[in-house]
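Chains as they are written, first to last, in numbering that gives the first Met the number 0: chain A, 0 to 308; chain B, 0 to 308; chain C, 0 to 308.
Simulated from the structure, these hints should not be mistaken for lab results. Just to be clear, a hint being listed does not mean it is correct.
Same chains, same names: a pair is fine if it fits in one copy or spans any two.
Stated by the list, open to error - Below, simulated DSSO-like cross-link-like pairs (lysine-lysine); rule was C-alpha separation at most 30 Å, straight line:
no., residue 1, residue 2
1, 250, 151
2, 239, 200
3, 123, 39
4, 42, 123
5, 239, 42
6, 200, 256
7, 210, 256
8, 123, 282
9, 152, 123
10, 210, 123
11, 133, 251
12, 123, 151
13, 133, 180
14, 200, 123
15, 251, 39
16, 250, 42
17, 239, 250
No experiment lies behind these values; they were computed from the predicted model shown.
Spelled out from the first residue to the last, the chains are:
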Amino acid sequence: MSTFPHRHLLDIERLSATDITAVLDLAETYAGQNRSANKKSDKLNGKSVVNLFFEPSTRTRTSFELAAYRLGSDVVNIDIEHSSTKKGETLLDTVLNLDAMQIDALVIRHAEDGVPQFIAPQMKASVINAGDGKNEHPTQALVDAFTMRRHKKTLQGLNVAICGDISHSRVARSNVYLLTKLGANVRFIAPSYFMAPSYGKLNIPTFEDMKEGLTGVDVIMMLRIQHERMAQGEFAVSLKDYHQRYGLDHKKLAAAKPDVIVMHPGPINRDVEITSQLADDPKFSVIHEQVAAGVAVRMAVLDLLLSGR
Amino acid sequence: MSTFPHRHLLDIERLSATDITAVLDLAETYAGQNRSANKKSDKLNGKSVVNLFFEPSTRTRTSFELAAYRLGSDVVNIDIEHSSTKKGETLLDTVLNLDAMQIDALVIRHAEDGVPQFIAPQMKASVINAGDGKNEHPTQALVDAFTMRRHKKTLQGLNVAICGDISHSRVARSNVYLLTKLGANVRFIAPSYFMAPSYGKLNIPTFEDMKEGLTGVDVIMMLRIQHERMAQGEFAVSLKDYHQRYGLDHKKLAAAKPDVIVMHPGPINRDVEITSQLADDPKFSVIHEQVAAGVAVRMAVLDLLLSGR
Amino acid sequence: MSTFPHRHLLDIERLSATDITAVLDLAETYAGQNRSANKKSDKLNGKSVVNLFFEPSTRTRTSFELAAYRLGSDVVNIDIEHSSTKKGETLLDTVLNLDAMQIDALVIRHAEDGVPQFIAPQMKASVINAGDGKNEHPTQALVDAFTMRRHKKTLQGLNVAICGDISHSRVARSNVYLLTKLGANVRFIAPSYFMAPSYGKLNIPTFEDMKEGLTGVDVIMMLRIQHERMAQGEFAVSLKDYHQRYGLDHKKLAAAKPDVIVMHPGPINRDVEITSQLADDPKFSVIHEQVAAGVAVRMAVLDLLLSGR
């Protein structure tokens, strides 16, 4: 455990392939523990984890909360939905006050890019990024890698297509960093208005056509369309047109390898970015496995960051 | 414990008299434990209980939460107040995602009838109905039966009057099923606009006159008037008139048996459906005992459903 | 432990100097425990603490929650933000229902003065006042005393200036009672529109001029300006003017003793009642120590009230 060389989990960008593998390996142990009758260990007994969410989240918050409980830690939830700061107190004062209470980990989600990275150097507690703006969502990428590895043994040489609203997606960004570090070949499939910004030196091939983009891939990662934005007329395309061109169904899937797996970080818009039929098809869809992996991966992260303290 | 033949607690309708008695008997044990200095056992150590409330509730949620803690379980609370689904995710996806996190029980309250019954067959976790629309609220009926049994030894042959806003009451429905299964004689007292729908083969006598209806009863169960609806003019009657005809007071109580007990599932509208004086009269009112029984009965339910897993 | 002669912590007014010292002494033990790797004991194992907050609070609620967890207690949080009562249920019914669930402590914050004192005599659980209107906030005053004692060895003879919006401050009131009981000399510094009401027999010297008021003091306690009220034109003074006259900075500080400490109960309005530079100056500011002390002091309070039960 003591070989994990980080105090915080801020993003995938600064992790090495070895770091990532350490998380995935330990998560395997916890995935087993989670299937047993008593899912609880006392590894983090007496620790205090605080979930500080400035954006609403049921799934991620619950996943972290269960992860902490199953390691024996206490958890305090703080939901601050409508403002990034309260009554004139700065964000930094808020988190430093929590730090003064001798908490061990602060799991933070914030609508602005870079918040976890900004606060971490000033905190004694471990800071875990649960999503910062459009930047990163590192634990989701670890969850996705865990799921891919289970099905494909290794990520080395794997062809992975990330499809949909890439431009606004912190999930996409974290996955790009992780997948390239572990030797997978990433490609983007999206209409121009959803295409990702450049990723510096990473030269990600892009496709506007689904059939072309899906040809020969091992893994398809569909992203959520925030169709509430579409409804506001931001995009000159109807949901129905979008679904026709970019919604994944069994027919489009035929271009991929026969043993392709289909992933989605959730929440799903059924029959928008993916058909209900495909999302529920156990032959291809590993969406529920991703959710199950979520708890195990977050247990591994908490353990690696906290158990040596 | 292993004799309880259900994976879920969805309603009273599908429980047998034996099932009900098993819950009540075990609840007696926990009622004793709750009066001791250390109220906690490790019976459900390592289990994860999720409270998923789509309608606000302080009392029922707190009661389930304390029940789970006192058996050593962890608890995650999810309050979704304003919508039945979130950001386009279906209710079924929400609960299946929680199920994928290897939770052991999902306690769910929802404004629509039949939601727990709909999701249960698809869940690995035990589903516990904490109130579904106007349909059922099974743990409340178990709490009420527990309280009656303590005071009247048996429910067999007991005359029980359910009074007030029966038509909208899931508490009334669950009680009707339970009381008839255990051999009590139920009657309804309500004005026509609050009278219950038919209960199939169960032929429940109805009374519009309180004095007539209360004559000779052993137990009176008052229901909450949602007077916010009255204020909106839905009923052609003022709260004062309603109180005069259907509000329980010591005078109307005289028609019942001398050792009658007065119940209310809460929250009480004092001096609407019941006078403050009577609600607080320890000679008749067992309202606080009902609340105390709530934790013990929910501990019994959680134990019976989860401890064999 | 058994020497603490109170069932509730309602205010500082009814505590003796001996009671206060008992809390502070025990808090020292817990401050040590909180700095260790395993911050958790089983002192209150099996107890149930309920946080019932009718006013929003992140810091105080989190502090009580961590305190309870670190003693092994379970915690249920109930946040009722917008109304003092719900759906017609009286406040008293709400708390008596919680009491019927055999909880051990009710930590309550309410916008109206006197609520904890009103409910306590009717409760079996220990009632802990986490702030009632403009009346008292006893645990904050204990936290402040703990912090002063650490720096100044004793409160006897200490000159303490309380500065700012004293008139609306429950923190000021609790501190006045505590400090005078322990032999400190309290003085107020505030503009007339913020000056405190009389404190009965306690004859508190008042100053309108900062320099005059700060001369020779050992401790300065700055209070939060609710500048949202100022913005509404309630005060004929701008924030900038206020800061100029009453905002604490290094220059005004020169009038105090050289080893003066600067305190603030939070949340801070930086550069309103205190400069950012001074708030962050470790030579004078003990603001983060106050927050850290918060958990230890609340552990001591919970232990003294509950462990003998």
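Here's how the hints hold up against the structure:
no.: 1; hint: 250 <-> 151; result: within (23 Å within a copy, 67 Å between copies)
no.: 2; hint: 239 <-> 200; result: neither (36 Å within a copy, 49 Å between copies)
no.: 3; hint: 123 <-> 39; result: both (26 Å within a copy, 19 Å between copies)
no.: 4; hint: 42 <-> 123; result: both (20 Å within a copy, 27 Å between copies)
no.: 5; hint: 239 <-> 42; result: neither (50 Å within a copy, 52 Å between copies)
no.: 6; hint: 200 <-> 256; result: within (28 Å within a copy, 59 Å between copies)
no.: 7; hint: 210 <-> 256; result: within (12 Å within a copy, 77 Å between copies)
no.: 8; hint: 123 <-> 282; result: between (46 Å within a copy, 20 Å between copies)
no.: 9; hint: 152 <-> 123; result: between (37 Å within a copy, 28 Å between copies)
no.: 10; hint: 210 <-> 123; result: neither (49 Å within a copy, 37 Å between copies)
no.: 11; hint: 133 <-> 251; result: within (28 Å within a copy, 44 Å between copies)
no.: 12; hint: 123 <-> 151; result: between (38 Å within a copy, 27 Å between copies)
no.: 13; hint: 133 <-> 180; result: within (20 Å within a copy, 55 Å between copies)
no.: 14; hint: 200 <-> 123; result: neither (33 Å within a copy, 46 Å between copies)
no.: 15; hint: 251 <-> 39; result: neither (43 Å within a copy, 55 Å between copies)
no.: 16; hint: 250 <-> 42; result: neither (47 Å within a copy, 50 Å between copies)
no.: 17; hint: 239 <-> 250; result: within (17 Å within a copy, 66 Å between copies)
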